[in-house]
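Protein chains: 2
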Amino acid sequence: MIKVKGIGLTQFGELWDKDLKDLIKEAADKALDDAGMDVNEIESVYIGSMLCGEVSEQSNLGGIFSEIYGVNIPVSRVEAACASGGMASYTAIQAIKSGSINNALVIGVEKMTDIPANQMSELLMQAGAEDERTAGATFPSLFGMMTQAHMNKFGTTIEQLHFAAMICHRNAANNPLAQFKHEVSEGQIACSADIAEPLKMLHCSPISDGAAAIVLSNEEKSTDDDAFILNESLATDTISLAERENLYTLKSTQIASKQLFANSEVSIKDIGAVELHDCFSIAACMALEDIGFVDKGKGGEALEKIYNGDNKLPTLNPSGGLKASGHPVGATGVKQIAEIALQIRGQAGDRQVKDMTYGLTHNIGGSGGTTVMHLIGKI
Amino acid sequence: MIKVKGIGLTQFGELWDKDLKDLIKEAADKALDDAGMDVNEIESVYIGSMLCGEVSEQSNLGGIFSEIYGVNIPVSRVEAACASGGMASYTAIQAIKSGSINNALVIGVEKMTDIPANQMSELLMQAGAEDERTAGATFPSLFGMMTQAHMNKFGTTIEQLHFAAMICHRNAANNPLAQFKHEVSEGQIACSADIAEPLKMLHCSPISDGAAAIVLSNEEKSTDDDAFILNESLATDTISLAERENLYTLKSTQIASKQLFANSEVSIKDIGAVELHDCFSIAACMALEDIGFVDKGKGGEALEKIYNGDNKLPTLNPSGGLKASGHPVGATGVKQIAEIALQIRGQAGDRQVKDMTYGLTHNIGGSGGTTVMHLIGKI
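In the order they appear, the protein sequences are chains A and B.
Residues 626 to 1004 in the numbering used here are what the first sequence lists, from first letter to last.
Residues 626 to 1004 in the numbering used here are what the second sequence lists, from first letter to last.
Think of the hints as simulated: they come from the structure by calculation, not from any bench.
Just so we're clear, the structure is a prediction, and the values are computed from it rather than from any experiment.
Warning: the hint list may mix true and false statements.
Pairs count within a copy or across copies, as identical chains cannot be separated in the list.
What the hints assert, rightly or not - Capping the alpha-carbon separation at 25 Å, the derived lysine-lysine pairs in DSS-like fashion look like this: (1) Lys650 / Lys883; (2) Lys1003 / Lys921; (3) Lys876 / Lys646; (4) Lys722 / Lys930; (5) Lys650 / Lys876; (6) Lys655 / Lys1003; (7) Lys722 / Lys883; (8) Lys778 / Lys650; (9) Lys722 / Lys646.
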């Protein structure tokens, strides 16, 4: 079995005094320390980063890792836009399953605030389709269209979507490493700036710096509070929204979720908490449906129920999610696994979810061209 | 065993009329056709590309693949600068060894000629260290320094290094897909433009567009002319030359080569042909030494011997290498495996190496921050 043996997280936010290398080192040091391991025990490293080349002018991260730690072990960088961190974890898990290695270090990292926000918005559109880019679309506008489609089809209201942000901010208030450690009200969301109709500023995740690292180890023995990777899945869909059957479904998420639970003893009803990819409030709504927590079209209703403490639904984004914990894109997928593992270990402090046995992570690239999911639990 | 079941190569060169998506599709179509397989038989795709985001404004290549073929299978992009193609192959092999998949498609792709050459030169320095970039170094200058160090330490001459280019151009003359299908003389090399002392234009690999694809399958049965991946290795070294013990050794190559042959029944003496990473002529010289074909310091002498048909040394870069076949960076590592597999199958046409049983590929990222190697042969 593959244990999440070490966890290391940096602060998420506008980290002006830290560069890519600093963030990698801080997260990796913490994860190794938490695992009680020396870097020489790590056989392979997987780094998820989307824009290290574009923003920090740095590719070939294997050489960076070698230089920081004075080791010559294999290091890969994997990229799948905002799913880069999830994909780095997925790749590490496959390597461990291959039997070629027993101990892997996964690092997700992104340094985003070193360039102007409009330039970042343009760079992020690399995760979208050429026809969308050349038409002038940005991710808020794509998700704005998805929001309108969902509203038209299912009668979802903007007030229901407010709850996605309110849930995340309430949770982030208890996460010392979150970018925004404060609650937001319905009124504040409704009065925040227009971004892409009907999405307001407070329906959108921020631009962030940060890193997350996990040590994954092939281990049989377990204590009651160890967290293990029980399964992983990865699916893709057309990069362009125009090529999809409709705008209110993420097919890659539906496929990945189905695969994750296929042949598993764990049912979706057993999930205590989910870290899902709420880059925009509508994404949280659609993910609840496409993962299978609720029927299609019931995501808006589910968000309200979760906010009000419905115990038939899982805790949503205990870390604060992308919305309030922050979204350094390459780091997000690794942080999601770290958060669920902390919850299972019972080490999540003031945001601890009760009776956590199983949790789920859901990390998408672009507007859903890629979905990576992990099922994590006690054994 | 992992068979190289399908091979697909595009023309390498200045392909003004093809974009990233065209190149991916052409190489993948050819590889699937060669394997006699439908895309629906592929379980996972690995794409190596360094600069797809910077040049073509396109990341999240999983969505691109999904859109081209109408499938929703896992697709990863891996990046390790000029070793991206080798690393994509390495990652696919590990996934097959994990038992989770049996059939993988690996694609290496790079579109480099859509931007001015000086801008490309700057982008490529993402594969180098920050101190090198900010000091104004480019890759020719880094390899120029390595050339000087090698000359000073071992008495290597520039005339010996000419042979690296002459060997590659002679081989490329028989490769219809090569960027430069013509021979070059000592005089032409010596008279070509100064690039970074003592390197001349004809000691340097070009900027190229192109793609290469291979289908890798878990298969036991074999005919005499099937090519199998016998082993793979990956090692890293400091990204900065200043942090290394010396400038005339690629430590990552030494480590990767040692690992490749450890516990293998194949000896370096059994290698019939090697596709090694000759981004600059000195890189070919150093690789011959660091892989272990000749003693340290004897690389220059070995190049001359190989040119003159010494049958104790392997055939060098039968495809024409990076120098003459072209170097679309993400494609190179995959093309190297494709070339060796074609040689083993006896399908290399006018450039066929006689009695090919075992071959080797050697793919480096940056100035050697990453080395990926593959041992390929009959079983």
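*Intra/inter-copy verdict for Lys876 and Lys646 if alpha-carbon distance must be at most 25 Å*: For Lys876 and Lys646, the Cα distance is within 25 Å only across copies (22 Å; inside one copy 36 Å).
*Is the C-alpha distance from Lys1003 to Lys921 at most 25 Å within one copy, between copies, in both cases, or in neither?*
neither (30 Å within a copy, 52 Å between copies)
*What label fits Lys722 with Lys646 when the C-alpha limit is 25 Å: within, between, both, or neither?*
neither (29 Å within a copy, 32 Å between copies)
*From the Cα coordinates, with 25 Å as the cut-off, is the pair Lys650 and Lys876 best called within, between, both, or neither?*
Only across copies: Lys650 and Lys876 sit 23 Å apart there, 36 Å inside one copy, limit 25 Å.
*Is it within, between, both or neither when you check Lys650 against Lys883 at 25 Å Cα-Cα?*
Cα proximity of Lys650 and Lys883: none, with 36 Å in one copy and 28 Å across.
*Given identical chains, is Lys722 near Lys883, meaning Cα to Cα at most 25 Å, within a copy, between copies, both, or neither?*
Close inside one copy (21 Å) and across copies (24 Å); limit 25 Å.
*What label fits Lys722 with Lys930 when the C-alpha limit is 25 Å: within, between, both, or neither?*
For Lys722 and Lys930, the Cα distance exceeds 25 Å both inside one copy (39 Å) and across copies (45 Å).
*Measure nothing new, just compare the shortest in-copy and cross-copy C-alpha distances for Lys655 and Lys1003 to 25 Å and report within, between, both or neither.*
So Lys655 and Lys1003 pass the 25 Å test inside one copy only (22 Å; across, 46 Å).
*With 25 Å as the alpha-carbon cut-off, assign the pair Lys778 and Lys650 to within, between, both or neither.*
neither (47 Å within a copy, 35 Å between copies)
Going through the hint list in order, the structure does not satisfy hints 1, 2, 4, 8 and 9.
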